[in-house]
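*Asks:* Sequence:
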Amino acid sequence: MTRAWGAYVRAAEAARVTVRELDGIAELQRAEKVLGGIWGVPDNPPLGSELMRAMRKAEGYVAGAFDDAGGEMVGVCVGFHSVPAARTMHSHIAGVVPEMAGRHAGFALKLHQRAWCLERGITLMEWTFDPLVARNAYFNLAKLGTRVAEYLPDFYGSMGDGINDAEDASDRILVHWDLDSPQVASACDGSPVEIAEVAAAAAGPGASWVEVPRDIEAMRLSDPGEARAWRTKVRDQLLSGLESGRVAGFDRDHGYLLTGTAPKEGTE
Numbered sequence: 001m002t003r004a005w006g007a008y009v010r011a012a013e014a015a016r017v018t019v020r021e022l023d024g025i026a027e028l029q030r031a032e033k034v035l036g037g038i039w040g041v042p043d044n045p046p047l048g049s050e051l052m053r054a055m056r057k058a059e060g061y062v063a064g065a066f067d068d069a070g071g072e073m074v075g076v077c078v079g080f081h082s083v084p085a086a087r088t089m090h091s092h093i094a095g096v097v098p099e100m101a102g103r104h105a106g107f108a109l110k111l112h113q114r115a116w117c118l119e120r121g122i123t124l125m126e127w128t129f130d131p132l133v134a135r136n137a138y139f140n141l142a143k144l145g146t147r148v149a150e151y152l153p154d155f156y157g158s159m160g161d162g163i164n165d166a167e168d169a170s171d172r173i174l175v176h177w178d179l180d181s182p183q184v185a186s187a188c189d190g191s192p193v194e195i196a197e198v199a200a201a202a203a204g205p206g207a208s209w210v211e212v213p214r215d216i217e218a219m220r221l222s223d224p225g226e227a228r229a230w231r232t233k234v235r236d237q238l239l240s241g242l243e244s245g246r247v248a249g250f251d252r253d254h255g256y257l258l259t260g261t262a263p264k265e266g267t268e
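Number 147 in the numbering used here belongs to position 147 of the sequence shown; there are no gaps in the numbering.
Hints are computed from structural coordinates only; laboratory data are not their basis.
Hints are supplied without guarantee of correctness; some may be wrong.
As the list claims (entries may be wrong) - Label pairs and their calculated CB-CB ranges:
| hint | residue 1 | residue 2 | range |
| --- | --- | --- | --- |
| 1 | G102 | H176 | 41 to 51 Å |
| 2 | D189 | R20 | 30 to 40 Å |
| 3 | A229 | G190 | 14 to 24 Å |
| 4 | L152 | P192 | 36 to 46 Å |
| 5 | K57 | G260 | 25 to 35 Å |
| 6 | G48 | G157 | 34 to 44 Å |
| 7 | G71 | D236 | 44 to 54 Å |
| 8 | D253 | A54 | 16 to 26 Å |
As the list claims (entries may be wrong) - Only pairs whose alpha carbons sit at most 30 Å apart, straight line, appear in this in silico DSS-like list of lysine-lysine:
| hint | residue 1 | residue 2 |
| --- | --- | --- |
| 9 | K33 | K57 |
| 10 | K233 | K143 |
| 11 | K233 | K57 |
Glycine residues also receive a C-beta, built at the ideal position from the N, C-alpha and C atoms.
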């Protein structure tokens, strides 16, 4: 068993889930319903079973997480090959039902996807996330060890579902996950990227923090105008910072750490 599969097995055992590829139209239809529930749009799921069927046939990644206690599907993750197709995977969607909060099933899902990719010679994975969602930023940058590749303003256009505000721009951060890098391997083994160490290494006159709300999802319900103001503020700061620098990490209390110098090609 490779180190990557070993990391997945430990994460799955801790979360008390089993992750496996989905097969057959019945399982894919169930995955469609699970995604619809997670996104709060049961009548209009963000990904249909017919498209997942096509992705599976094209040797894409279509997997589900199942609760060991009752065998129910509690999470879904789908990805397809990106450019260059032989080495890169674009992880399009991943979600876990709210009832699994605190079980870290999402971590097990991503580690299964990583091991699956490495087994096939795929060494880079990418995906997008909303930069205002602090828990996702921490999960991606600290717990998984990804790095910010690009800021994408209003990437998907208007999104009227149970998670996104239809009147808010759908800004996204694109991250790259270097699947076989020492940092990622260490994170997957249970040692998240420590922001104190990152901050010390990145300290300098060009270093700064970009704060985000602690709970943007609650703010969208209580004060949509304030939530949209945060969108503009964070977009301006990150776009400006990324012109000559990079995001070096994320801290739950301070937000994104920007450094004033971009890394040289092939380095972090």
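*Asks:* Work down the list of hints and note, for each, if the structure agrees.
*Replies:* Now for the hints, and whether the structure bears them out:
no.	hint	result
1	G102 x H176: 41 to 51 Å	28 Å, violated
2	D189 x R20: 30 to 40 Å	22 Å, violated
3	A229 x G190: 14 to 24 Å	37 Å, violated
4	L152 x P192: 36 to 46 Å	25 Å, violated
5	K57 x G260: 25 to 35 Å	47 Å, violated
6	G48 x G157: 34 to 44 Å	19 Å, violated
7	G71 x D236: 44 to 54 Å	47 Å, holds
8	D253 x A54: 16 to 26 Å	43 Å, violated
9	K33 x K57	20 Å, holds
10	K233 x K143	25 Å, holds
11	K233 x K57	42 Å, violated
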